[in-house]
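S.K.: Sequence:
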Amino acid sequence: MPARRDAPLVVTALAYTLCHHLGSLPDGLGDAGRGTRIADWLDLVVPFVVLLPALGTLLEARVGRATYLWFAVGSWLYATGHGIHLAANSIGNVAPGETAHLWDEQVGHWTWYAGVAVVAATLASTLVDRPVPTNPLAWVLALAVGATWGTNATGGEFTWPGLALAVVAIWWGVRHRRDRGVLLVAVGAAGVVGVVASAVVR
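Using the working numbering, the first residue of the sequence shown is number 70, and each one after it goes up by one.
What the hints contain is simulated information worked out from the structure, not anything from laboratory work.
Where hints are given, some of them may not hold.
[What the hints assert, rightly or not] Distance windows between CB atoms, simulated:
(1) A266 with E167: 35 to 41 angstroms
(2) R103 with R247: 53 to 59 angstroms
(3) A164 with R244: 43 to 49 angstroms
(4) W240 with V142: 21 to 27 angstroms
(5) L138 with A164: 29 to 35 angstroms
(6) V197 with D100: 44 to 50 angstroms
(7) G166 with G133: 43 to 49 angstroms
(8) L121 with V197: 21 to 27 angstroms
(9) V262 with W145: 27 to 33 angstroms
Every residue gets a Cβ at the ideal spot worked out from N, C-alpha and C, and that includes glycine.
Please build the complete structure, drawing on both the sequences and the hints.
M.R.: The structure is reproduced here in structure tokens:
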């Protein structure tokens with residue numbers, strides 16, 4: 070079982086991995102009226118489901134003010150980008166067009182993923198100077214988070230930046246190979262595989 074301090078981070082990883090695959094649900098779980106799908110409405114709460122336990126992680130780690138500031142910036146980018154994506158994607162499902170594509174796949178996704186990267190950096194800062202994890206769950210979740218990043222990045226036309234940020238995660242994890250930050254190696258490696266595999270399949 071994860072320690073109390075690690076519980077919010079575990080919940081964050083699970084939430085991120087599961088919630089950002091709502092688009093894989095068959096037919097979006099069905100029609101919800103007015104041209105929307107049930108998955109569209111579920112998508113509304115995704116940023117809150119991910120960011121609340123992420124904030125709990127920072128509170129447990131008692132980070133400094135600068136980290137909270139960066140978390141606020143990342144959260145704003147994440148929630149704003151995700152909201153833009155959701156609105157444009159919902160419209161695009163009914164009336165596809167160049168404008169919907171622009172706001173969904175480019176403006177929305179790029180803003181959203183930039184926010185995820187900033188939030189991830191603040192969470193990574195809570196891992197340093199702690200023992201290398203021996204619980205297999207930590208490594209499984211790290212791989213799941215990385216794979217989710219990789220598949221999302223490719224699906225959101227963020228392939229090259231997504232790949233570059235995954236490589237940065239590997240580099241940072243190698244630098245922290247003697248503490249819990251080494252988990253970023255697994256995140257980054259799974260991200261690279263996810264990006265490449267998704268790009269090949271597409």
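S.K.: Please list, smallest to largest, the hint numbers that this structure does not respect.
M.R.: Violated: hints 1, 5.
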